[in-house]
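Chemist: The sequence shown begins at 0 in numbering that gives the first Met the number 0 and counts up by one.
Please note that a few of the clues may not be correct.
[Said to hold, decoys possible] Straight line, CA to CA, 20 Å or less: simulated SDA-like cross-link-like pairs of lysine to any residue:
no.: 1; residue 1: Lys135; residue 2: Glu148
no.: 2; residue 1: Lys146; residue 2: Glu86
no.: 3; residue 1: Lys135; residue 2: Gly153
no.: 4; residue 1: Lys135; residue 2: Ala158
no.: 5; residue 1: Lys71; residue 2: Asp89
no.: 6; residue 1: Lys146; residue 2: Gly131
no.: 7; residue 1: Lys146; residue 2: Gly120
no.: 8; residue 1: Lys135; residue 2: Met156
no.: 9; residue 1: Lys135; residue 2: Ile150
no.: 10; residue 1: Lys146; residue 2: Arg133
no.: 11; residue 1: Lys146; residue 2: Asp121
no.: 12; residue 1: Lys56; residue 2: Gly120
no.: 13; residue 1: Lys56; residue 2: Phe119
no.: 14; residue 1: Lys135; residue 2: Gly120
no.: 15; residue 1: Lys135; residue 2: Lys56
no.: 16; residue 1: Lys135; residue 2: Lys146
no.: 17; residue 1: Lys71; residue 2: Gly54
no.: 18; residue 1: Lys56; residue 2: Glu86
no.: 19; residue 1: Lys135; residue 2: Asn154
no.: 20; residue 1: Lys71; residue 2: Leu93
no.: 21; residue 1: Lys56; residue 2: Tyr33
no.: 22; residue 1: Lys56; residue 2: Thr73
no.: 23; residue 1: Lys56; residue 2: Ile77
no.: 24; residue 1: Lys56; residue 2: Asn34
no.: 25; residue 1: Lys71; residue 2: Asn111
no.: 26; residue 1: Lys146; residue 2: Arg64
no.: 27; residue 1: Lys71; residue 2: Gln124
no.: 28; residue 1: Lys71; residue 2: Arg115
no.: 29; residue 1: Lys135; residue 2: Arg64
no.: 30; residue 1: Lys146; residue 2: Gln124
no.: 31; residue 1: Lys71; residue 2: Asn137
no.: 32; residue 1: Lys71; residue 2: Asp40
no.: 33; residue 1: Lys146; residue 2: Ile160
Since the hints were derived computationally from the structure, they do not count as laboratory data.
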Amino acid sequence: MKTTIQQIALLTLLLASSSAVAGDLDAPSELSGYNNVAMIDQRGNHHEATIIQSGSKNYGAIDQRGNYQRAKLTQNGIQNAASIQQEGSDNFALVEQIGSQNQVLISQNGENNHVRAAQFGDHNQVEVVQHGSRNKVNIEQHGNGLKHEIIQRGNQMEASIIQD
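Work out the full structure: start from the sequences and follow the hints.
Modeler: Listed below in structure tokens is the structure:
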């Protein structure tokens with residue numbers, strides 16, 4: 000799992016210098032087929048972000064920092080990955096990847112946290128870390144490589160995992 004996190008972090012750094020980054024508030028993206036990437040980086044105030052990609056070498060990312068973050072990432076097939084990191088305020092994140100080499104990594108920091116992940120097939124993995132406030136998770140992976148790791152450090156934790 001640690002190697003996967005390091006790979007995603009390294010990939011984020013490499014792609015940050017060559018990808019389009021939408022900053023500030025509300026940044027929907029929608030890519031369709033082939034070498035997808037899509038990164039969103041927003042810093043303060045009323046965030047929301049969306050990335051929807053379809054087939055091929057998907058990646059994802061979304062990194063929002065202070066205030067009303069939300070996020071959504073939907074990827075469809077082949078090399079999936081994702082990453083969503085939000086820092087302080089009304090966090091929320093929702094990821095759904097459907098098939099191939101899935102991986103998700105979400106790390107939210109403080110306030111109303113919430114996550115839902117869901118991956119449906121192939122090499123799955125998930126990691127969620129939320130530090131404090133009203134935490135929740137809910138993760139679903141239905142087939143193949145499955146794994147998960149959830150760490151919620153403080154406040155009103157809750158988790159719900161279904162892996163088949």
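Chemist: Work down the list of hints and note, for each, if the structure agrees.
Modeler: So, going through the hints one by one against the coordinates:
no.	hint	verdict
1	Lys135 x Glu148	14 Å, holds
2	Lys146 x Glu86	25 Å, violated
3	Lys135 x Gly153	11 Å, holds
4	Lys135 x Ala158	6 Å, holds
5	Lys71 x Asp89	14 Å, holds
6	Lys146 x Gly131	23 Å, violated
7	Lys146 x Gly120	12 Å, holds
8	Lys135 x Met156	6 Å, holds
9	Lys135 x Ile150	11 Å, holds
10	Lys146 x Arg133	24 Å, violated
11	Lys146 x Asp121	11 Å, holds
12	Lys56 x Gly120	16 Å, holds
13	Lys56 x Phe119	17 Å, holds
14	Lys135 x Gly120	23 Å, violated
15	Lys135 x Lys56	30 Å, violated
16	Lys135 x Lys146	18 Å, holds
17	Lys71 x Gly54	17 Å, holds
18	Lys56 x Glu86	27 Å, violated
19	Lys135 x Asn154	10 Å, holds
20	Lys71 x Leu93	5 Å, holds
21	Lys56 x Tyr33	6 Å, holds
22	Lys56 x Thr73	13 Å, holds
23	Lys56 x Ile77	6 Å, holds
24	Lys56 x Asn34	5 Å, holds
25	Lys71 x Asn111	16 Å, holds
26	Lys146 x Arg64	27 Å, violated
27	Lys71 x Gln124	18 Å, holds
28	Lys71 x Arg115	10 Å, holds
29	Lys135 x Arg64	19 Å, holds
30	Lys146 x Gln124	5 Å, holds
31	Lys71 x Asn137	15 Å, holds
32	Lys71 x Asp40	13 Å, holds
33	Lys146 x Ile160	11 Å, holds
Comparing the model with each earlier hint shows violations of hints 2, 6, 10, 14, 15, 18 and 26; every other hint is respected.
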